[in-house]
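257 is the number that this note's numbering gives to position 257 of the sequence shown; each next residue is one higher, with no gaps.
It is worth saying that the hints were derived from the structure and are not from the lab.
Please read these numbers as outputs of a predicted model, since none were measured by experiment.
Careful: at least some of the hints might be erroneous.
With a Cα cut of at most 20 Å, we get these calculated DMTMM-like pairs of lysine to aspartate or glutamate [said to hold, decoys possible]:
#1 LYS54 with ASP275
#2 LYS54 with ASP273
#3 LYS54 with GLU285
#4 LYS54 with ASP97
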Amino acid sequence: MVTPEVRDRARAAMFGFAVGDALGATTEFLTPAEIRHRYGVHRTLCGGGWLGLKPGQITDDTGMLLALAEAVAEAGRWDLGAIARGFAAWLRSRPVDVGATCARGIRRFLVEGTFQAPPNEWDAGNGGAMRAPAAGIASLASPVRAGVWAVRQARITHNHPLSDAASAAVALMVRAAVLGRGFEAVDGVARALARRHPEFRATGTRPVSSPYVVDTLRTVFFFLRTTGSFEDCLVGVVNQGGDADTAGALAGAVAGGLGGTTAIPRAWLRRLDLDVRERLEAAAERLVRLGA
1 MVTPEVRDRA
11 RAAMFGFAVG
21 DALGATTEFL
31 TPAEIRHRYG
41 VHRTLCGGGW
51 LGLKPGQITD
61 DTGMLLALAE
71 AVAEAGRWDL
81 GAIARGFAAW
91 LRSRPVDVGA
101 TCARGIRRFL
111 VEGTFQAPPN
121 EWDAGNGGAM
131 RAPAAGIASL
141 ASPVRAGVWA
151 VRQARITHNH
161 PLSDAASAAV
171 ALMVRAAVLG
181 RGFEAVDGVA
191 RALARRHPEF
201 RATGTRPVSS
211 PYVVDTLRTV
221 FFFLRTTGSF
231 EDCLVGVVNQ
241 GGDADTAGAL
251 AGAVAGGLGG
261 TTAIPRAWLR
271 RLDLDVRERL
281 EAAAERLVRL
291 GA
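Modelling step: build the complete structure from the supplied sequences, incorporating the hints.
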């Protein structure tokens with residue numbers, strides 16, 4: 001049975017993703033030293049960054065997550081054709097940014113009609129994993145389905161073993177968080193990933209944040225483990241710079257799922273565009289229904 005608490009945590013996972021995206025967009029591609037020089041500690045949704053965004057504006061990360069979530073919600077099932085068409089419609093909308101690997105995969109679908117990119121040693125970026133929270137929320141009744149669906153959607157653009165593993169892990173972490181299993185269950189997913197793929201193991205020092213999916217998840221894991229609140233987790237992640245919007249988005253999805261909507265600072269939520277908030281809330285509800 002889907003409880004009100006589960007619905008709240010699903011909304012928080014989606015809201016947290018967008019908040020982390022918008023917060024991290026300001027510091028994307030900067031180094032920690034550059035961030036300290038410009039902002040001290042960056043902790044407001046002030047926009048700017050290399051994309052020159054408005055305060056609270058989302059990037060391609062939230063754009064693609066919404067494209068996926070709304071496509072499967074409309075289809076009423078996890079349909080790769082619907083997802084790929086949703087990505088194509090999103091790309092045609094001329095988003096503020098799009099990753100090169102994501103764009104290549106979407107354009108390949110438009111030309112060839114195929115739902116899986118060919119294996120590529122350079123496809124270990126984080127673009128597939130960044131969309132995996134939707135698979136976790138849409139698969140509350142089945143952890144197996146969560147992992148399978150996460151990998152299948154990821155392979156529309158990214159086909160690499162590390163991307164596969166990271167995508168499945170993200171979906172399982174978000175699923176565990178939304179179901180109220182707590183931090184230990186979430187951390188258990190991260191540790192299981194590191195056992196299967198040692199690249200993801202913690203090193204004991206602050207990791208470097210980059211588009212490489214290993215760096216992204218190690219950054220997310222580090223701050224989930226070493227902070228005590230949604231706000232502190234996201235502030236820590238985005239002040240690492242690098243691919244700060246994607247790392248912030250994924251940290252926000254997991255931390256939001258763990259803490260629920262009350263854990264997200266009201267000032268951050270209010271900065272998000274009202275239409276984006278409404279779309280995220282509607283998508284969360286429909287994904288929960290699909291996954292129940």
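Tested hints:
1. LYS54 with ASP275: Roughly 15 Å separates the two Cα atoms, so the pair holds.
2. LYS54 with ASP273: 10 Å, holds
3. LYS54 with GLU285: With Cα atoms ~27 Å apart, LYS54 and GLU285 exceed 20 Å; violated.
4. LYS54 with ASP97: Holds, at about 14 Å.
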